[in-house]
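Novice: Take a look at the letters that make up each chain.
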Amino acid sequence: SQKIEQNSEALNIQEGKTATLTCNYTNYSPAYLQWYRQDPGRGPVFLLLIRENEKEKRKERLKVTFDTTLKQSLFHITASQPADSATYLCALDIRNNDMRFGAGTRLTVKP
Amino acid sequence: NAGVMQNPRHLVRRRGQEARLRCSPMKGHSHVYWYRQLPEEGLKFMVYLQKENIIDESGMPKERFSAEFPKEGPSILRIQQVVRGDSAAYFCASTAQGQEKLFFGSGTQLSVL
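From first to last, the protein sequence lines stand for chains A and B.
Each residue of the first sequence is one higher than the one before, starting from 1 at the first, in the working numbering.
Each residue of the second sequence is one higher than the one before, starting from 1 at the first, in the working numbering.
Note that these hints are calculated values from the structure, not bench results.
Certain hints may be false.
Claimed, not checked - Simulated pairs of lysine-lysine, BS3-like, Cα-Cα distance not exceeding 25 Å:
1) B:K101 x A:K59
2) A:K3 x A:K55
3) B:K27 x B:K71
4) B:K101 x A:K57
5) A:K57 x A:K71
6) A:K59 x A:K71
7) B:K101 x B:K51
8) B:K27 x B:K101
9) B:K101 x B:K71
10) B:K62 x A:K3
11) B:K101 x A:K55
12) A:K110 x A:K17
13) B:K62 x B:K44
14) B:K44 x A:K71
15) A:K63 x A:K110
16) A:K3 x A:K71
17) A:K17 x A:K59
18) A:K17 x A:K63
19) A:K3 x B:K101
20) A:K57 x A:K3
21) A:K3 x A:K63
22) A:K59 x A:K110
23) B:K101 x A:K71
24) A:K57 x A:K17
25) A:K63 x B:K101
26) B:K44 x A:K3
27) B:K71 x B:K51
Isolated chain A (complex conformation) (with noise of 0.2 Å):
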């Protein structure tokens, strides 16, 4: 069966830290993969995008590897802050589009 799984419910951080959720999948070849922000109440806000031919991606200290062969996103907070606390979302395009969505990781980050 196709599945995304995020491997972490909740993970927990000291400030200052770097963060590392992970996003694996099974039967499924994405075309690109995107990773979003989510907070309590509000929708989701995307982050990073990154294609089937692109190892990793950077935005600020935000990083994502994209592994096809292990079929494995890693996405990292470095220098992590209390405001990086949130629900973070991993979304595979399954084609054309078509996106779907993994449980979510809640990152608490304490000062």
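For chain A, the structure is supplied; the task is to place chain B on it using the hints.
Specialist: Only chain B this time, still in chain A's reference frame:
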């Protein structure tokens, strides 16, 4: 340029009533997605529409649920004869033809009494 507008923000219905959720995409966007979210859960895909066309409705329940995105006006997600299990946050997202980034609305919280 206004973002994706969803209304109402909160909708309360009694069992058996109809719920109509509206989504106005961003200006220039021709593609709309509807997702459902329960507390502490991810976004569950429902339907993907282009103007006047349903691209993928594989996430829609076969009964009571329908969606449209007419040539003019907002996209509508319609739930007939609501049941308590329909209570959830319903999010709409839009994107332009050929673009990949989704822009989300703030959602409609449906509560069925």
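Novice: Each hint needs a verdict: does it hold in this structure or not?
Specialist: Going down the list of hints, with the structure as the test:
no., hint, result
1, B:K101 x A:K59, "15 Å, holds"
2, A:K3 x A:K55, "22 Å, holds"
3, B:K27 x B:K71, "13 Å, holds"
4, B:K101 x A:K57, "15 Å, holds"
5, A:K57 x A:K71, "16 Å, holds"
6, A:K59 x A:K71, "22 Å, holds"
7, B:K101 x B:K51, "18 Å, holds"
8, B:K27 x B:K101, "14 Å, holds"
9, B:K101 x B:K71, "22 Å, holds"
10, B:K62 x A:K3, "22 Å, holds"
11, B:K101 x A:K55, "19 Å, holds"
12, A:K110 x A:K17, "10 Å, holds"
13, B:K62 x B:K44, "15 Å, holds"
14, B:K44 x A:K71, "21 Å, holds"
15, A:K63 x A:K110, "21 Å, holds"
16, A:K3 x A:K71, "11 Å, holds"
17, A:K17 x A:K59, "17 Å, holds"
18, A:K17 x A:K63, "14 Å, holds"
19, A:K3 x B:K101, "21 Å, holds"
20, A:K57 x A:K3, "24 Å, holds"
21, A:K3 x A:K63, "23 Å, holds"
22, A:K59 x A:K110, "23 Å, holds"
23, B:K101 x A:K71, "21 Å, holds"
24, A:K57 x A:K17, "20 Å, holds"
25, A:K63 x B:K101, "17 Å, holds"
26, B:K44 x A:K3, "12 Å, holds"
27, B:K71 x B:K51, "6 Å, holds"
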